[in-house]
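Fit chain F to the known structure of chain W by using the hints.
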Amino acid sequence: MSKKRRKGKARSGYRSPPSAREVRAAPADSEVPPLLGWLSRGSGDSGWPSIPRSLARGALTVGSSPALLLVPFLFVFAAWVALVTLGLEGPVLLLANMAAVPPVGTFFDLAIGESIFGQASLVALTVTAGLIIARSAFFAVVSGLIVEALEGAPSASAGLRRGSRAIPALLAVNVISFSAILASRLILPLLGPQFAFLGSILVLAAVVYYLAAVPAAAIREGRGVQETLRRSARAAAMPGSRHLILSVIYVFVAYPPLILFTPHSNELSVNPFLATWIYALVAAFIHMSFLAAFCYRWMAIEPEVPAQPVPRRR
Amino acid sequence: MPFAALVAVALVVVIAWPVQAQQAAPVWSQFQGGPGHAGVLKDGPEPPYRPAWTFRVLGGALSGAVIVGDLVISVGRSAVYGIDLATGERRWQLVRNGGPISMPAVGVTANRQVLAFVDEAEGVGASLVGVDLTHMREVWRTPLETTSRSGVTVDGATAFIADDDGNIYAVNLATGALRWTAKAIGEVLAPPAVSDGIVHVSAIDSDSLRGQLLALDVGTGRKAWEFSPQVGVTTVSGPSAGDGSVVAGFEDRMVRSFVADGGEERWGALTISVFPPATAPAIQPGIVFVADFRGGLYRLNSRTGHRDWDHQNNDLVVRSSPVVSGGAVLLGLEDGRLVAFDISSGDLVWQGAPSPGSIGPIALSADVVVAAVAAKGGSRAGLVAFEHDPEGTLVRVPSPTEVDPARLFGNYAIALVVTTLVLFVPLRLLARRLGPPAFAGGEEGTEEDTE
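Those protein sequences? They're chains W and F, same order as listed.
Per numbering that gives the first Met the number 0, the very first residue in the first sequence carries number 0; after that it's consecutive.
Per numbering that gives the first Met the number 0, the very first residue in the second sequence carries number 0; after that it's consecutive.
Derived from the structure by calculation, the hints contain no laboratory data.
Some hints could be false.
Stretches of chain F that chain W covers, calculated by requiring three or more beta carbons in the stretch to come under 8 Å of a beta carbon on chain W [unchecked claim]:
(1) 247-258
(2) 393-401
(3) 404-410
(4) 413-421
(5) 426-433
As the structure is a prediction and not an experimental result, all values here were calculated from the model.
Note that CB positions come from ideal geometry on N, CA and C, so glycine has one too.
In isolation and in its complexed conformation, chain W is listed as follows (with noise of 0.2 Å):
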């Protein structure tokens, strides 16, 4: 707990972004490759909370709130039946991931889609896009949700009505990401076998660097979409090496042992065990600790993230 909490008024509802004058000036030493940050500092100098910090305090919000609880679970739940009624038939291992967070999650609508209608077939795109959108509908509403409670004063409805504000934002997260996998797809097979798994492993946590932001971003500062989009990856870009590290974790947990993990995992069936179902609603709190861990970062670090892009350095 922190020795130092300041006991501030009690806050809830729609927060005004920060104006250019209430956002700290970047210090002058952050004048580094905006790309390139985490590579030129230590940690020591940033302003990214600790990774077990970050994740502890994700963990917490996500558990200690029924609402954010019960929505990834019946999320995960109506999200399979309707899978099942287009006509998946599983392995029951994507339950793991229904809840990932983008680009994770966006890789498994991909691959659910070319599960039930086949590869290259246009029925499969549609169905991924529809996946893609409900899971955007389904990221902003609980990231508002996330947000409400990591402000100190939760409000369901306060939550969904900021939250579904940031719809646009996270359908472009999950473009995004979509045309990412599929770039990676036809890049990657000509750097051979083993270089192409690890390179899409790769390609996932460099969005997740990148954009693991934009759902807190867009809630608390109500920007545009291109603007958000910029201040998540400005925020990426800043000194320190936590966040890429908290990206990769991420990629490193949700994509291979998660799903290998799954009782049964390999089955193919439509009415999961009762361990296989136990095992996916642990795996959703885990993707929506890691989503409020990622929340609570940025809302750590919001003050700090320059406006404009930051000069390159000579």
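Just chain F now, with coordinates in the frame of chain W:
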């Protein structure tokens, strides 16, 4: 009936009797029962089944069986075996030099039954061998360019076979003379299918990752048409042909049907997995049955490709092709189970006990199902025969991919309650102790996070 006519009939029966006894008609003469690989025996035994006998040999696996009258024939590593269909006892064996084990075939020509199988001797190479089953003697031996694993198909007086380099041979069954040869793009792992005057061959070139379904004129070997899928190919199923169509499964998980003599694609049907190369679909009028590598069995409409039903077995299918025995579809699984499905609903109606080896090609006679078992460890290879069990019971198990509302909703509801409580109670208590993060109201940011 006049007396003279009765005498004439009696004479015909008496004269013909030894010939019939010596040359019983082939019941299941080759892979999937016939030259088109239809895999159907209308009066085959119905489930439930019970084991009738097993036939095991030392030193390796056996090929899928063919059935000629009351005789079962199977190729082993060092011999070809003739087995009594009723008892499973060995009647005879022919010495074989070696080489990969592949399906034999039996055909009738010049008033005699000829067994064709592949033999390969070190230093000599591979040959297609013809054995007169009436007199049990080798009648011809035709050399092949290289090792062959495809298995033999016999249609009329011609045997067809292909080798690992993609050479396709049409051999006169009576003399062993080559009628023609042709060339596919690469390795052929399933017997050619012959129907409607066309020979169909599935081939793969693992270097260029190309697959090919090749159609050749049965009389000349001239190419009629070919199909190569766009995606990189490492496996194509064997073809099955009949009723003017040829059907095969491809790398992109599509089962495709083509017009047999023109090559136009009639339909494509998506499955869950790819198809083992040594297997082939079963075809009966109006219906195609196909099994994919992950153990899914699919019933497709042969005119439209529409999936009537599928049953996911959640066990691999590597060497077994579906066959239709009466009103049931049979399939062999990698865990050694022979399983039977209701032909109209797709429900599992019977399953054998798991056994140490995977079930390979299945052969049918009117009374007995003979399934080849390939031992995984190589120690318990052999043939396992099943017969109808009048005292057995049928089950009715739907595919796990059919929605069971009680199980689906029930398991989820329990998981929802358990997971929510387990997570919520301790984390809520912890959150109350820790309080909210400190940036509530904090444009100044992260006091809490100053470490």
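Consistency of the hints with the structure:
| no. | hint | result |
| --- | --- | --- |
| 1 | 247-258 | holds (count 3) |
| 2 | 393-401 | holds (count 3) |
| 3 | 404-410 | holds (count 3) |
| 4 | 413-421 | holds (count 6) |
| 5 | 426-433 | holds (count 7) |
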